[in-house]
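Visitor: One letter stands for each residue in the lines below.
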Amino acid sequence: GAVVSQHPSWVICKSGTSVKIECRSLDFQATTMFWYRQFPKQSLMLMATSNEGSKATYEQGVEKDKFLINHASLTLSTLTVTSAHPEDSSFYICSARDFVGGRTDTQYFGPGTRLTVL
Amino acid sequence: AQSVTQPDIHITVSEGASLELRCNYSYGATPYLFWYVQSPGQGLQLLLKYFSGDTLVQGIKGFEAEFKRSQSSFNLRKPSVHWSDAAEYFCAVGNNDMRFGAGTRLTVKP
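Residue numbers (the numbering used here), protein chains in the order written: chain A, 1 to 118; chain B, 119 to 228.
Treat the hints as calculated values from the structure; they're not laboratory data.
Any given hint might turn out to be false.
Said to hold, decoys possible - According to the in silico footprint, chain B covers these stretches of chain A (three or more CB under 8 Å from chain B):
#, segment
1, 37-44
2, 70-81
Unchecked claim - Lysine to any residue pairs mimicking SDA-like chemistry, simulated, CA-CA at most 20 Å apart:
#, chain 1, residue 1, chain 2, residue 2
3, A, Lys41, B, Thr222
4, A, Lys41, B, Gly159
5, A, Lys66, B, Gly159
6, B, Lys167, A, Phe67
7, B, Lys167, A, Lys41
8, B, Lys186, A, Ala2
9, A, Lys41, B, His128
What the hints assert, rightly or not - So, partial list: chain A residues that the calculated Cβ filter (under 10 Å) puts toward chain B:
#, residue
10, His7
11, Cys13
12, Phe28
13, Thr57
14, Glu59
15, Phe67
16, Ser95
This one's a predicted model, so the numbers in the text were calculated from it and none came from an experiment.
Note that beta-carbon positions come from the ideal geometry of N, C-alpha and C, so glycine has one too.
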């Protein structure tokens, strides 16, 4: 159980184009999903927190107009990188929180999406 | 503010030897603590987690971790390492906004 998928697993695009990445919780409902960015040989950096039916909360320094997040249902969140540039090339990972009840919950991570902007 | 420190960037152990990966945290309240493993080009797999209760936590793949409040530590251990354990290991703290350590890369020698 608690499987999170991402699509696509990798994408190559031209500079100036937009790319959409999907994150799905396959066997549970996730009221909250998270988007992370990971540069080579570095740790994960939280970009934004996405709550179903409301606007995402972005971390300091993350451009919300650049990285559009939509969490339209309890099983799907999307990240759109708008007008992508080579510096946006990175490994993007989403996670979904399985809300068990009370204070205990766990984030389950997707397999990641490798974005390369030429 | 919450933070996580993994002091060891890279560790090499021989197959069959024991392993301990260090993690220290800074958190204002009772922490939620996690260890994840990441293979190259892959997402993160949860090894184990601590929310409350018994401070010695058992996880998957033979891993365990011990929460020590007095030392603000949550070190990961395995009594006998297998070659397939070679990967990047991340310690994380938090709930609504999870913070990750820088990671420790584990190399396993034959």
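Visitor: What hints, given by number in increasing order, does this structure fail?
Guide: 2, 5, 6, 7, 8, 10, 11, 12, 15
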